[in-house]
Structure formats: structure tokens, C-alpha cells
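Trainee: Protein chains in written order, with numbering that gives the first Met the number 0: chain R, 0 to 326; chain W, 0 to 233; chain G, 0 to 292.
Do not take every clue at face value.
What the hints assert, rightly or not - Stretch-level coverage of chain R by chain G, calculated; a stretch enters the list once three of its residues show a Cβ under 8 Å from a Cβ in chain G:
1. 113-121
2. 246-259
3. 278-286
4. 291-297
In short, the hints are calculated from the structure, not lab data. Note that CB positions come from ideal geometry on N, CA and C, so glycine has one too.
The primary structure of each chain is shown beneath.
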Amino acid sequence: MQLRKELVTFIGVFVLLALLPLFIHQNTYMVGLLITCLIWGTMAAVWNFTMGYAGIFTFGQFGFFAVGAYISGMLAKHLGVSAWISMPAGGCGACLVGLLIGIPCMRLKGSYIALITWALHLVLGPMIKVAEPLGTGGSTGLMSIPSIQIGGFVFSRTGLLPWYYTGLMISFLILLVVYRIIFSPVGLGFVGLRDSEDFARTLGINEYKYKLLVFGISAFLTGLIGAFYVHYAGAISPRILGLDIFLLVMLMLIVGGIGVFPGAFIGGFIILILNEILRPLGPYRFLIFGAVVIVAIKAMPEGLLGRLNRLLETKRTDSKASSQALP
Amino acid sequence: MLELDKVNTYYGEYHAVRDVSLKIDAGGFFMIVGPNGHGKSTLLKTICGLLPTASGRVLFQGEDITRWSTDRIVDAGLVYVAEARHLFNDMTVLQNLQLGAFNAGARKKMHGNLAYVYQLFPRLKDMSNRVVATLSGGEARMLTIGRGIMSRAKLLAIDEPSFGLAPNVRNEVFQKIESIRQDGTTILLVEQNVNQVLDFADRICLIEDGKIVFQGDKQAALLDEHVNQVFLGE
Amino acid sequence: MNIWVQQIIQVLISGIVTASVYAIMGIGLSIIYGISRVFNFAYGSFFTWGAYLAWVLFNTFSWMTYPIVFLIVLPVMFALGMLTERVVVRSLRWRANWQVTTMMVTLGLAFLLDNLALIVFGGFAKPLPPMFRGGLNPFGFTLSIQDLLMVLIAAAVMIVFGLFLSRSFVGMSMQAISQDMTGAEIVGIPIKKVFSYTFGLSTALVGMGGILLAPRYYISPHGGWEPFFRVFVIVAFGGLGSIKGTLYAALILAIFEAFISWSLGATWVLPFWFMVFLGVLAFRPSGLMGTWG
Chain R
0 MQLRKELVTF IGVFVLLALL PLFIHQNTYM VGLLITCLIW GTMAAVWNFT
50 MGYAGIFTFG QFGFFAVGAY ISGMLAKHLG VSAWISMPAG GCGACLVGLL
100 IGIPCMRLKG SYIALITWAL HLVLGPMIKV AEPLGTGGST GLMSIPSIQI
150 GGFVFSRTGL LPWYYTGLMI SFLILLVVYR IIFSPVGLGF VGLRDSEDFA
200 RTLGINEYKY KLLVFGISAF LTGLIGAFYV HYAGAISPRI LGLDIFLLVM
250 LMLIVGGIGV FPGAFIGGFI ILILNEILRP LGPYRFLIFG AVVIVAIKAM
300 PEGLLGRLNR LLETKRTDSK ASSQALP
Chain W
0 MLELDKVNTY YGEYHAVRDV SLKIDAGGFF MIVGPNGHGK STLLKTICGL
50 LPTASGRVLF QGEDITRWST DRIVDAGLVY VAEARHLFND MTVLQNLQLG
100 AFNAGARKKM HGNLAYVYQL FPRLKDMSNR VVATLSGGEA RMLTIGRGIM
150 SRAKLLAIDE PSFGLAPNVR NEVFQKIESI RQDGTTILLV EQNVNQVLDF
200 ADRICLIEDG KIVFQGDKQA ALLDEHVNQV FLGE
Chain G
0 MNIWVQQIIQ VLISGIVTAS VYAIMGIGLS IIYGISRVFN FAYGSFFTWG
50 AYLAWVLFNT FSWMTYPIVF LIVLPVMFAL GMLTERVVVR SLRWRANWQV
100 TTMMVTLGLA FLLDNLALIV FGGFAKPLPP MFRGGLNPFG FTLSIQDLLM
150 VLIAAAVMIV FGLFLSRSFV GMSMQAISQD MTGAEIVGIP IKKVFSYTFG
200 LSTALVGMGG ILLAPRYYIS PHGGWEPFFR VFVIVAFGGL GSIKGTLYAA
250 LILAIFEAFI SWSLGATWVL PFWFMVFLGV LAFRPSGLMG TWG
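Produce the complete structure using the sequences and hints provided.
Mentor: Structure representation (C-alpha cells):
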């Protein structure tokens, strides 16, 4: 594999994360916070991948997250399925939903996909409540979802390190998949062509198939991390589809920069830590976040990390010859 | 009346208009010719504010209009007549014409302007209540030009008016444009079908690859070898 | 008269009343999308704020009446809308992915507004005084004068708006932009100004909706999302950008909602809207009379 700066950053961040607990494993609170950052950072990263690289404007990622979580949770709780099976099952379920929505949608214009997926997000809550007889737990939600087990060892709710490293591994795998797709020859070619409308039109049906594939994969990955979440948290309710979390994850995208890898993942850490710091402020917290969204989008279209990215890039290409013959 | 000074325009990364400088005098009939896709339309759109100028200046009646928004440019009397109709399809002919006189000055003289347009294009008067989507190519083209003069433009920048029209209709269109010119409007015309309109033009400019390859009087143009090559090539 | 028929007509009336208010709000959303091609996610928040501003007026001045409230709040909402367009939305238009970034930025605005309301007004739902007490009993139906007024006001607004669109130059320029934006530019219409007015108008309309519905439904900081969703479905059903479509859709869907609520109960209402939305997407994404697909 080529030694890209994205790969270096990616590996670097994960090495850092793997080593971090050595220093802070006493502090359960911090480890817990990091796990949360891992989960939502990954979710943001997959969303970023779908929007920033594949150019699919989707607001439906939380829907996939919830579907993955609910399926895994219900399988584990009602049918006693092991988490290692129910988690991928959750991913598959989310993928199915993704394809169901994607097949009619990917032909439509960008903003329509955004509206449709956003509507999916909005209605999933009531749907879950209405499906209570099926075991979704209605508005109170599912509780006492079994922990993850390896062999006989059950992950406890107090010793968080097993959760941390499992989460880290799942997160790493997910991001690796994302990375491989983005920087594959097909992926790079797609991005290059995507931006010029005329060429994109000649892609025609291939563009549709590719988008559908990406959409399905992103649904699977999001469902997977959602499934991990549900076992970690032990419970889930339709509140997961609340707009508060939506805004937070959106902020991760914005801060990290849409289309920057692994910006959104890092953004996850930044935002959630900020969220903790601001927690004592009560409702002012979201007021500030709302304002931050507005300011960040307007002032930093490429996100904090995108800006950094660009700075690094210009330093490198400064040495190249500046005159490129124009057609 | 209109002066361009080293104007450059980009379509994304593509350098469509390169260092174009030209001068158009009041009352003249200035024609821009050249192969398709070489920047003629882009140049026109840049002049009229529909595309941003990357560098260079556009001066209209002595004022620098380079950074002006299109509505301000129209107010000043420089109006673009598009090749792609850009008409309001769900509205009637009359409503389209009325909108042509959108700017405040023209609105006051709406009645007079409408009368002038109807005199020039009698068929438009007959069709005044027809919905534009039902118009034929030639009728739509007349309406586009008619709408353009509703604001009593001082300079009309017309983009390939004969495109897609039958030869006899083309002739009619060119005649009308010449009448408009005789009534005092300066004409800047982009055309591919040179032959029918050559008689009316007084200055010609040839654009290839976004650059001006020739600029001068019609007489000089007819004598120039390269220009003739292009003309004969049709 | 048969008691069933009586009940059905009662439900119909209730449906028409809600439809009229949704129609106004639908027009607001429709023009924003139809003309400026952006989607204002803060629409629900403006709905709430219109109602809150009215509440403030009623609470501060004991002599306050609805006509005065409208006279004060609506221009304020209009100005707010124009301000939002100018400050928040405008600069995004010339950038990459502007439609999605606009959605995001208006979502951020929605949060700001909702939480601001939470901080300023607290979480308890607030009522507005009824416009008119008392009712009529034509043919034995109950029809509160308030409801009748709502329908009349809504109808008046729609008629005025329709005339505005087709007769005034500003209105015609809005239609022009929605039919051919480049054509509108060519003709010298100041596009940016019209976007501003459109946003202002849309905000005023939704604010009005908020005030009209508040006496019945109470005002709460996050209370704008449900109406927003309904209006969104209505506009999608009727066709984004078609005013007539919005009107028909509002009527059809609100009446349906009234029937569902009456026959199956309130819990089925939201799923109903959802199914309508899915149906629209699956069978006719451009809506009943949509001009954009």
C-alpha cells in the first residue's frame, strides 16, 4: 500500500488510541468517554465517507445505526444470540434497509436523496414505537441487552478495557474498509470523475451501481457500529434518533471536514470531549453547538482538519513547478 | 461604447476566454465569428455579467462594469439575448415581454416599449396570450429578441439567433436585428452562419481557442486569408 | 340527521380547519424551495418563535389583540427571514455542495433557536388566548368561531398571495426565477434581492401558522418539528414548487389525518404521514403537480 498521509494519520491515531489506556486505565470515566468517542467517531467517519467521497447526500445514517442496534439488541435479548453473530446480523439488517431505500433513491438528484433519507430518520422513531409488539420495546426502549462474551468471559459493565479494545478493533476494521475503498483505483477514479458533471453523465449506469454499492456498504458498517453500541450501552430507545445526537455527529463531520479522511473520526473525539466540558452549561450547550455549526460551516468549509490537510499539501507542492500548461 | 481589456474567463478549470480585448463603437454592428465551442458564447456571457471575469476589465459607456451584477448591467442598458431560449415557459408571451422591461426605467415606458416590439414583430402581438411552451423555434427566437429590446437596451448582445432555424426564418431574424440597429441600438452579434448576416455587419472579430485571431472592418476581414478560410468552411 | 354522517362532517370540518393553516405554511416552504432551491430546516423553529413572540406581546400588554399581534409579529418574522437569508444562507450558495450545507447550517440554526427558546421561555408549554370565544351551531354541528376565523384568514392570505404572485412585479419575478433562473438574470431581475424577499415571506407565513395554531396546540421549544414534518410531507405530496399542489395536498392530507385520528386514534397519525411520504417517493417523487423531479 502506498504510504499516503491519510494512512499515516490513520495508523498513527489508532496506535495512539491503543496505547492511551496504559496511562489512564484507572480512570473509568475517561475510558468510557473514549469508547463513546470511538463509536460516534466511527459513525461520523462512515457518514463522511458516504457524503464526502461518494457524494451521496444522506441524512439517514442514524437510521442505519438504529436498525443495526435494534436488530442486534433484539436478537441477543429475545433469542439469546451471541453478540458476535448478532452484531454482523445488525449490520446486514441495516444494509438491507439501505439497499431498499437506495435502489429507488440513487437515481435521484442529490438534494432529493438528502430529503428522503432525512425523512427516513424522522419516521424511524414512530415506526419503532409502533412495532412494540415485535419486541422493540416501544418508547421506553430495549433494556438489559446482554453483554459481549468471548468464550466464557463476559464483558462486565465496570471493567471497560475489554470493551475499549473490542471497540477499537471493530472501529479499526471499519475504517480500514473505508480507507481501502476510498483509495482503491475505482474509488479514486470515481471521485475524480464525480466532480465534473459532464463526465459523470457518461458514467451513467455505472455511477448508479457504484453509489448503490457504497450506500449499502456504508449502511452495513454503520449498522455494525450501532450493534456494538447497543451491547456496550446495554440499552437503546428511540431517543437515539433524537436531533441532539444528530447535531453532534453532524458537527463532527463539519469539524473534521467533509471528504477528509480520517477527519470525521478525529472530529468525533474533539466534539464529544467538548460536549463533556460544556455539559455543566445545560441548554446553553446546544445553543453554543448550534452557533458553532453555523459559524463552522461558513468560516471553515473544509473543516479544521481539512484546513490542516490543505496546509500540508501546499507546503509539499510548493516545490513543484508552478506553471502547468493550460489546455 | 463597449470596450474589453484583456478579459479572461474560466469554466471551472478550463480557460475559455483568453486575454480578449476589443472595442465596439456606438451604433455599430459588431460580429463575432469562429468555430463552435471556442469561447464566443462564453465571452458574451462574461460581458453581460452571467459569468465572472477572472481578470481584465469590461467597460460600458466609460464605466467599469466588470464586477457588476447582471441586473445592474441590464439597468445600464446592456442586454443579453441567449441562444438557449431561457424564456419563462409557463407564462404567456405578453408576460415574458413585460418581464423584459423589469428594470424601473423601462417599466415606466412599458406601453411605448411594447408598441415598439409589436411593430417590429407583429406576430408576437397576435400571440400575446399564448403560453410560451407552445411556441415554435422561430417564434421563440423572435420573443427572445423582443424581450431583449423591451428594456430599450443601448447595446444588445445576441448569441447565435439563427441557431436551429430554417433559412427563410433566419433571414427574417437578421432583418429584424438590422432594423433594431437602425433604430439606434448597437448590436454585438455572435454567429456561426456568417453568410446571411455578413451584409449587415461593419466590424468583424474572429475567435479561435478563446483568443482573438482577427479584429477589424468588414472589408479587411474579407481580404484576410485566414478569415476567409473560416468563412468558406461553412 | 344520521349520527354517523354528522360525525363524519364534523371530522371533515376539523380537517379543513387544520388544512387551511398547513396550506399557508406549505406555501411558505414551497416558495423557498421552488425559488431559491434551498431547504430551510429551521422552518419549525420559526414556527415556534412566531408563536412565542405573540405570547410575549399578549403577556406584556393586557390590551393586546390578535390583529395588532399580526401587525407586529409578521413584519418581524419577515425581517428575521431576510436576515437569516443574508447572514446565514447567502454566502453558501456559491460553494460546493451548497444545498446540503444549507440544510446543515439551517439545522444548526434550528438548534440555536430551539434552545434559545428553551432558555428564554422555559420548557413548560404556553398557550395563547383564543381569538374568539363561542361557537356557531349551523345545522347542529359545532363550529367554533375561532376555527371559522382560521379558515377565513387562511383563505384570505392565499388569495392575496395568489394575486401577488401573478399581478405584482415582485411576484412575477419570483415565478420567473422558479421557471428559469438564468432567464430571470438575463431580464435584469435582482436575484439576490428576490431570494431575500422569498425567505422573508416564507418565514412570515410560517410564523403566522404558528400563531394560528398556538391557541389550540400550545407552544413549546421543540414543538415546531412535528408541524414541520407534516408541512414537508404536504409539500412533497403536492409537488415541490407548485402552489396549487400544496393547496390540494394540504386539503387531502389534513382531512385524511382527521379521519385517521378519529377512527384509529392519535398514535396512528404520525405513521400515517410516514406512509404517505413513502408512497410519494415510491410512486411519484415529483408529487401531484410537481415541477421538479
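Trainee: Against which earlier hints does the structure fall short, listed by number upward?
Mentor: Hints that this structure does not satisfy do not exist here, as all of them hold.
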